[in-house]
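Chains as they are written, first to last, in the numbering used here: chain A, 52 to 451; chain B, 52 to 451; chain C, 52 to 451; chain D, 52 to 451.
Hint data in this document are derived by calculation from the structure and do not stem from the laboratory.
Please note: incorrect hints may appear among the correct ones.
Unchecked claim - Straight-line distance between alpha carbons at most 27 Å, and here's what the computed DSSO-like set of lysine-lysine pairs gives:
{"id": "1", "chain 1": "C", "residue 1": "Lys281", "chain 2": "A", "residue 2": "Lys281"}
{"id": "2", "chain 1": "D", "residue 1": "Lys281", "chain 2": "B", "residue 2": "Lys281"}
{"id": "3", "chain 1": "C", "residue 1": "Lys281", "chain 2": "D", "residue 2": "Lys281"}
Residue-level listing of the chains:
There are 4 protein chains.
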Amino acid sequence: MTQTLAAPLSAEDCTVQSMPDASPVKWHLAHTTWFFETFVLEPEVADYRPFRPEFRTLFNSYYNTVGPQHARPQRGMISRPGLDEIRDYRSHVDRRVLDLLERDLGGAALDIIELGLHHEQQHQELMLTDVKHLFSLNPLRPAYQESAPLATAEPPALRWCHHPGGIAWVGYGSDAFSFDNERPRHRLLVEPFALASRLVTNAEFLAFIEDGAYQRPELWLSDGWDAVHKQGWRAPLYWWREDDAWHTLTLAGPRPVRPDEPVCHVSLYEADAYARWAGSRLPGEIEWEIFGARAAVDGNVLETGLLHPRPLAVENSDSPAQLFGDVWEWTSSPYAPYPRYQPPSGALGEYNGKFMVNQLVLRGGSCATPRSHLRATYRNFFPPHARWQFSGIRLASDAP
Amino acid sequence: MTQTLAAPLSAEDCTVQSMPDASPVKWHLAHTTWFFETFVLEPEVADYRPFRPEFRTLFNSYYNTVGPQHARPQRGMISRPGLDEIRDYRSHVDRRVLDLLERDLGGAALDIIELGLHHEQQHQELMLTDVKHLFSLNPLRPAYQESAPLATAEPPALRWCHHPGGIAWVGYGSDAFSFDNERPRHRLLVEPFALASRLVTNAEFLAFIEDGAYQRPELWLSDGWDAVHKQGWRAPLYWWREDDAWHTLTLAGPRPVRPDEPVCHVSLYEADAYARWAGSRLPGEIEWEIFGARAAVDGNVLETGLLHPRPLAVENSDSPAQLFGDVWEWTSSPYAPYPRYQPPSGALGEYNGKFMVNQLVLRGGSCATPRSHLRATYRNFFPPHARWQFSGIRLASDAP
Amino acid sequence: MTQTLAAPLSAEDCTVQSMPDASPVKWHLAHTTWFFETFVLEPEVADYRPFRPEFRTLFNSYYNTVGPQHARPQRGMISRPGLDEIRDYRSHVDRRVLDLLERDLGGAALDIIELGLHHEQQHQELMLTDVKHLFSLNPLRPAYQESAPLATAEPPALRWCHHPGGIAWVGYGSDAFSFDNERPRHRLLVEPFALASRLVTNAEFLAFIEDGAYQRPELWLSDGWDAVHKQGWRAPLYWWREDDAWHTLTLAGPRPVRPDEPVCHVSLYEADAYARWAGSRLPGEIEWEIFGARAAVDGNVLETGLLHPRPLAVENSDSPAQLFGDVWEWTSSPYAPYPRYQPPSGALGEYNGKFMVNQLVLRGGSCATPRSHLRATYRNFFPPHARWQFSGIRLASDAP
Amino acid sequence: MTQTLAAPLSAEDCTVQSMPDASPVKWHLAHTTWFFETFVLEPEVADYRPFRPEFRTLFNSYYNTVGPQHARPQRGMISRPGLDEIRDYRSHVDRRVLDLLERDLGGAALDIIELGLHHEQQHQELMLTDVKHLFSLNPLRPAYQESAPLATAEPPALRWCHHPGGIAWVGYGSDAFSFDNERPRHRLLVEPFALASRLVTNAEFLAFIEDGAYQRPELWLSDGWDAVHKQGWRAPLYWWREDDAWHTLTLAGPRPVRPDEPVCHVSLYEADAYARWAGSRLPGEIEWEIFGARAAVDGNVLETGLLHPRPLAVENSDSPAQLFGDVWEWTSSPYAPYPRYQPPSGALGEYNGKFMVNQLVLRGGSCATPRSHLRATYRNFFPPHARWQFSGIRLASDAP
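The following block holds chain A by itself, in its conformation from the complex (with noise of 0.2 Å):
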């Protein structure tokens, strides 16, 4: 799935770093290998020999307890090794980890070798975020994919889905995979509160920006404002203003701002702003939890190919719709260890608990998100200024 993710992009665009926060995606496919060679050849097979020695290093994304780590930053610098040669590492490393399967492997490694498969399903949806990102920096526009346009959609009026509050549970429970920061499941006190039946659209927000959101100071967190300043934000990442109307980058390639669609590529900041505005709130993450849990986990994912969010036709019921896809949904709740939280011991232990701090928990997964990666629990987190993500806004509210 990785490779066929590569495979529309030449070995330039394998290669390029557009910024410290994106990753080239020769990177992506060598460091999602090293996973699989560090955490699962090394300690499972006797006398294991690296394919490369060098690659401990150059590959560790940030595991201080592996060793040292190729500075982020630098990580689009390293010309060689090729994308043939990464290639060469991925079959060498996969073929040795399928000899493994075949052999009786004990629990642990299991548990590892469905980690680095959902690691790997991670680095899917940062390829194509980065390649995104590339692709805007480069002035000829270039298209991932080719898509066929969609139908126009006249998406239904906001609802607010209610529900009465009190003590519930959340967090993973069962024996099944999950991350570690998805648990323990505990229970919580929570007041009564409303969540939107859908996610806000483009429409939606081009009224926000009409109405001189990103001249108003009053509507903004103190934070979001100063970036506002700093970064010249004007509207959505990835919009532009072209003969009198926006248009937006996709990954199909430039074209105007469909007003139908959900809108994303928004930070934290933009989603507060705009909640503020329209007089409501964003979601706390448990909010989003507790009707997650009662949705079907589908949607527009990864695998129906469109690789961007999709207008809503469906009618309103008495659940929120579009919870899962689209677009990764913004919430208030700063990420933080659940309560009685615990990292595992060793390396792995830095694969969550160290980031808790300064970002937010996004909740639903995106347009290019696996479907099998998703959950109910699934905390993703991203900092507030973070715009590169399929990240979008889905509001909340007190009830009355």
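Starting from the known structure of chain A, fit chains B, C and D onto it as the hints suggest.
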């Protein structure tokens, strides 16, 4: 009181801005008066003529609703108005406010005057922390005041004060004054936990340093480890090695680090790393408040005149000691609105609400906080890298 | 004289550093005294005890041979010693130097005292330019002094003063005082050239602006065009638009730009672009010196008390007017050593030689330069982007 | 030739930009073709249709007269067009230019074609220096080519080659090709001087390092000493300590520093400090040219294929050796126009003239310069901090 605090300072001391986070004392003196002029005199006095119209912009901190602001990092460029003129400004406004108080003022105006007094107390503390930072940049290491040495103490062993968990009421609920961010009072479900009986001492923090703290990435949050590297941290702020011993700067000048004092001038990152190293964790703000609500609001506050945390001399009891005064205690709680929080309408709505992102809550007050300013529900907040406040560490742990 | 220049300034004015290129007046007062203490008293007075030993580092500008220096951008952090203590320092050192002069001092010591006096004259000018910069950052736009308005003049038309070229002697050759960088006197081969009869006026520079100067890259050196963009230059420093007219800041406060005055506060880049636009070029420093050597060293210098360039009222003659005083005139000559230049030995060898790269020579002196400080051979130097000095433009051209 | 130089490089190698000063090889390949398309085909071919209209902006380096330019630091973001498309672009334009040459082209067009060829030679050298810089950032330390080791040599002792001074003619005077900055030929008065018989070697530079060069401020220009500190320089670029010995990177991979080779990859600051330490000075560019004009234009240039400076094996003669090839020799001469210099009219006037500030002249050519590109009058130029070119040191001295 504010002018008493400024008394030991020269006109030059009051003019310089040592970093963008800090403000000149002259600015603090003017801004707190500006607060009364803008929010009390302007609306309450018919045909009020401002002391100098330019001050409306010059001494506006961050109230966009009031109008533009002189850029924060440029506050130290304002050599004029001089300190004498600012004193005239204060007298002028004070006199007019006292005049007003003799009239039959409405409740709203009285509320704002009360808010203005609490606002001024906040700046009293900032004057001291900002002057301390300024003096720390002066190779002559000047002292703000003289001070007699305190007797050495042997702090009692750290004990755990347990709480059984359950539904707890938190936040401010009475009619008396509180800041908006302490409201509304609401219920929460709390897991069983324990709070340390006292603050972490310099002796304990030195053991952490000597165990390689600042060289061991596994102890740190990822952003904390970055800060250690980028800022070159090797010890708390204001510490340096001299003649093979750690020294520190106090408002009474430089002296050796005393092992029996609470550690001070640490960031959230250092507090968090220390807690991890010690096998425990930082308290949540609610855990702190539960014990704080039972304690007397007293301790080593501004009124003791020490202006430095002091060793704990008393014996342990079942209740945590040193909850109020000495140092602000970092909690693990991101600064976020309480459920159903509503900022006030108008300019004063900018007082707290717009800062509720990218900061963490500190509780308890410091040796530079006026006693009458403190409450168990009081929520102070700073970004996780801030170190120039009197900030220290109390541990917490999950109950067994 | 130095203290007279500081007299209109408050302790606050004397303390603030407005940018790394500028120094606080208090620092100038202390550093010029430091020069005498370090280079005269220390070597000449047996058992000399310094006024305060810490000043050796604190007020050392850039003499590595003397020892470490307080970091230049931190000069504004030194709120203490206060202005009063610096005045005591000056009195103390002045008295000791006067004592010395009554003894039979050797020629070397007398030479250094003479150098110290010229050094102090340089800092007198810098005090004025640095205070002007500081006041420009103050929205209240304070004035350093009052001044009576000058009568309007109609500057004479620009004429060319021709020189036939040939072998010329340049540099300082007599036994009297000069800086080392003016030596040795040497011969050069000069092409025929012409020098403009007067300085470029604001009226002429306005025509340049109105012809799109700051939007036309073809007029600029490449680095100059970068500076225009990065710094957002649209006019000379201290100019702004108000009520549809250009205004400027003078040491006597703000006022409209007068068309008849010499243009001032331009960078080398602006001077060079103006010359290109005018179809001519800047003079080489030797071309300037050839005419300067024939002119009387007089004009609108510090002693006139205007502290601002003044309109030229006299008629044209065969000699260029305004060569001395008014504004430092940018030349096209990079600041480089003369053939066989030798810096003095010891610390004073650092006075000039180590700056002979990345700067350009300015000639003639300004309205803030003491008359006795100037000579036809005098070489001032600043980086090409510097604008806070009283720097202006004289044109030159190749002879036909 | 240009494509031969690119032959050892992968598509990935050709895409990455390692720093703003360097460009991707793909960009060099495209820009040199753009030069022919823009300056030859567009004006000469009626109804010329550009290969791709977007390339006009994308591959414009700095010609404002031609139009806007893709931002220099973003040249590495252009993953598309890929290397293959750039090769097509080159073939297309080459073919059209060859077609043109078969017609009866005017002299002006032929002049521009000649200029385009010399322009391309400049970029051939830059391709090599830029790839070397890129590979230096790769921890795998790739090699551009294989190379056989050279025999060790014992360079002859340094001798001084004297010149009596007097009136000298310099600059390019014939009708053949030269760059505009080498003109006009003109006379100068030169003092007696001497030029070193050979380049400074690594052995000599090592003695300088071991004498504390990088810790002794008195040896450096002030800006140079700043660069040493800010950049952390401890040795020439591409040197590092390993197993108690200095190693360096060459285009044939890493290897120990050879004492007999000319020192290379030093800045003007290091060259100047070395000369001061050695009790001599750098040559003026005219001093170099006087000897250069008598020497054969030959040496270790691109055509030897070494791509690295080589030890001097020949005996001393009365003439300086190694004048051409090996390394560009820093001179003390700021890059400035010759008297009566006139840039060409039109866009090509931007070729040289607008860079004549903030740079210094280097003479002689390097091991990466094509032989036919060099002349005694050739003026190369770089800022004083630049180190990634093949730049070295020749000493000069005043004659006794």
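Hints versus structure:
1. C:Lys281 / A:Lys281: Holds, because 15 Å separates the two Cα atoms, which is no more than 27 Å.
2. D:Lys281 / B:Lys281: 15 Å, holds
3. C:Lys281 / D:Lys281: At roughly 22 Å apart (the allowed maximum being 27 Å), Lys281 (chain D) and Lys281 (chain C) satisfy the hint.
Checked against the numbered hints listed earlier, the structure breaks none of them; every hint is satisfied.
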